[in-house]
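S.K.: Sequence:
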Amino acid sequence: MKTLKLYSLLAFSLFILLSSCEKEDKNAVKEAREALNQATDELVGYINEFKESEAIGSMSMSGDMPLPFGIEEKAGLKASQKVKHHALNIFRPIIRKAGLRTKSDDYDHFVFEDHTGTYSWNFTKQDWDYEPNVPSDKIIVHFPANKGDESNTATLTLNSISFFDYSYSDEFGTYTSSSLTGIDMNLYINGEKQIDLFLDNKVDADGFPVHTDFSLFFNPYQIDAEITSTSTAYAYNYTVVKGSETMFSGELSYEGDFDENIGTIKGFQQAASLNVKFDVNLKDILDEANEQENEDRFIVSINKYADVAFYTYPENVKIGDIELGIGSDESLEVYILLTDGSKENAMPYFEKILDAIENLADELENRYAFDYYAKK
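So the mapping is simple: my numbering equals the position in the sequence shown, first residue as 1, plus 72.
Hints were generated in silico from the structure; no laboratory data involved. There's no promise every hint is true.
Stated by the list, open to error - Pair ranges (Cβ atoms, derived):
#1 274 x 405: 55 to 61 angstroms
#2 280 x 400: 42 to 48 angstroms
#3 239 x 379: 41 to 47 angstroms
#4 264 x 244: 48 to 54 angstroms
#5 388 x 205: 53 to 59 angstroms
#6 106 x 194: 52 to 58 angstroms
What the hints assert, rightly or not - Computed cross-link-like contacts, DSSO-like style, restricted to lysine-lysine with a CA-CA straight-line distance of at most 27 angstroms:
#7 123 x 102
#8 349 x 424
#9 338 x 265
#10 265 x 210
#11 338 x 219
#12 355 x 102
#13 415 x 102
#14 102 x 349
#15 219 x 265
#16 219 x 197
#17 338 x 274
#18 219 x 123
#19 355 x 123
#20 349 x 390
#21 210 x 197
#22 355 x 314
#23 338 x 376
#24 355 x 376
#25 314 x 123
#26 349 x 338
#27 349 x 314
#28 390 x 424
#29 123 x 424
#30 376 x 349
#31 390 x 102
#32 424 x 314
#33 424 x 355
#34 390 x 376
#35 349 x 265
#36 415 x 376
#37 390 x 314
#38 338 x 355
Ideal placement from N, C-alpha and C gives every residue a C-beta, glycine not left out.
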């Protein structure tokens with residue numbers, strides 16, 4: 073029961089992450105509902121805009137190209153699978169073998185130095201031309217960004233990639249594996265930068281990340297994140313910016329561990345014109361909930377020790393507190409307690425967002441074979 077309650081609590085924490093002045097006049101509730109609907113429409117717009125971006129579109133172009141680096145194709149793929157299978161295949165070795173942290177007895181990661189040079193798509197041969205070690209410190213790939221292009225309109229450059237090799241043991245033996253510690257790459261289409269990725273990942277002797285700096289320009293979006301992790305604390309912050317507009321931002325800090333010294337989690341998650349602030353005392357929730365076997369009482373404990381509320385962004389006007397409940401079908405429900413004391417189910421406000429995210433995920437899956445790579 074303790075494990076079930078901990079998982080339920082973590083699921084709740086995940087929801088509030090992803091999912092002050094109060095106006096005390098007769099229009100407050102009306103304005104709160106308008107703010108929720110406005111934020112919903114903005115988020116759906118962001119998702120659809122991302123789906124139609126040129127950088128996303130260019131990634132599916134390589135569907136009919138054979139793989140560079142001598143990587144064999146998987147036989148027997150259907151036509152739709154083939155398009156997914158080839159997505160970004162020019163760096164398939166990285167996608168397949170450069171996981172942030174992997175445990176495998178067939179240790180083998182991408183060796184940057186073995187592939188430096190320039191790869192250019194040859195339209196006549198329908199294959200790659202390769203100039204080894206030109207340059208000797210980069211991997212450059214020229215390819216058509218869009219179907220119908222008659223020239224190589226895109227250039228993908230891998231400036232560097234680095235790994236930390238480490239050993240680990242279990243009851244079956246001792247193995248060698250690696251953690252990705254750095255990557256620097258960019259993509260240009262018709263001379264305009266579409267993607268610029270930088271990662272600096274510091275790890276401990278066991279290959280676990282302890283401090284990560286991440287920066288991604290995905291035209292026209294700029295994403296920056298910083299993550300710090302120790303045995304007793306975890307923290308991150310990030311922003312997603314388009315021009316002068318902050319589309320998403322978030323900050324979280326956690327003190328304690330998830331074993332004997334469970335602590336507190338606090339921070340905020342901003343999305344469009346909506347901001348969720350949270351301060352959750354995990355220890356008190358679990359201590360009180362463990363004294364009873366009734367799941368309804370566990371929900372009461374969460375509501376008692378979790379301070380979570382919606383605010384407008386950037387005005388910081390409170391919309392309402394968040395409260396958990398049990399629905400008529402015994403499912404977990406999330407409610408918004410508006411400033412007039414009324415309670416509304418939060419999910420209807422987010423159905424359009426969830427549908428848009430699901431459609432985006434389906435489209436990316438159809439293009440890029442995430443399921444295929446996950447099976448490798």
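S.K.: Now tell me if each hint is right for this structure.
M.R.: Checked hints:
| no. | hint | result |
| --- | --- | --- |
| 1 | 274 x 405: 55 to 61 angstroms | violated, 42 angstroms |
| 2 | 280 x 400: 42 to 48 angstroms | holds, 44 angstroms |
| 3 | 239 x 379: 41 to 47 angstroms | holds, 44 angstroms |
| 4 | 264 x 244: 48 to 54 angstroms | holds, 51 angstroms |
| 5 | 388 x 205: 53 to 59 angstroms | holds, 56 angstroms |
| 6 | 106 x 194: 52 to 58 angstroms | holds, 57 angstroms |
| 7 | 123 x 102 | violated, 32 angstroms |
| 8 | 349 x 424 | holds, 22 angstroms |
| 9 | 338 x 265 | violated, 37 angstroms |
| 10 | 265 x 210 | holds, 17 angstroms |
| 11 | 338 x 219 | violated, 47 angstroms |
| 12 | 355 x 102 | violated, 37 angstroms |
| 13 | 415 x 102 | holds, 13 angstroms |
| 14 | 102 x 349 | holds, 21 angstroms |
| 15 | 219 x 265 | holds, 19 angstroms |
| 16 | 219 x 197 | holds, 17 angstroms |
| 17 | 338 x 274 | holds, 24 angstroms |
| 18 | 219 x 123 | holds, 17 angstroms |
| 19 | 355 x 123 | violated, 40 angstroms |
| 20 | 349 x 390 | holds, 10 angstroms |
| 21 | 210 x 197 | holds, 24 angstroms |
| 22 | 355 x 314 | violated, 38 angstroms |
| 23 | 338 x 376 | holds, 15 angstroms |
| 24 | 355 x 376 | holds, 12 angstroms |
| 25 | 314 x 123 | holds, 15 angstroms |
| 26 | 349 x 338 | holds, 8 angstroms |
| 27 | 349 x 314 | holds, 23 angstroms |
| 28 | 390 x 424 | holds, 23 angstroms |
| 29 | 123 x 424 | holds, 15 angstroms |
| 30 | 376 x 349 | holds, 16 angstroms |
| 31 | 390 x 102 | holds, 13 angstroms |
| 32 | 424 x 314 | holds, 22 angstroms |
| 33 | 424 x 355 | violated, 35 angstroms |
| 34 | 390 x 376 | holds, 19 angstroms |
| 35 | 349 x 265 | violated, 35 angstroms |
| 36 | 415 x 376 | holds, 17 angstroms |
| 37 | 390 x 314 | holds, 25 angstroms |
| 38 | 338 x 355 | holds, 13 angstroms |
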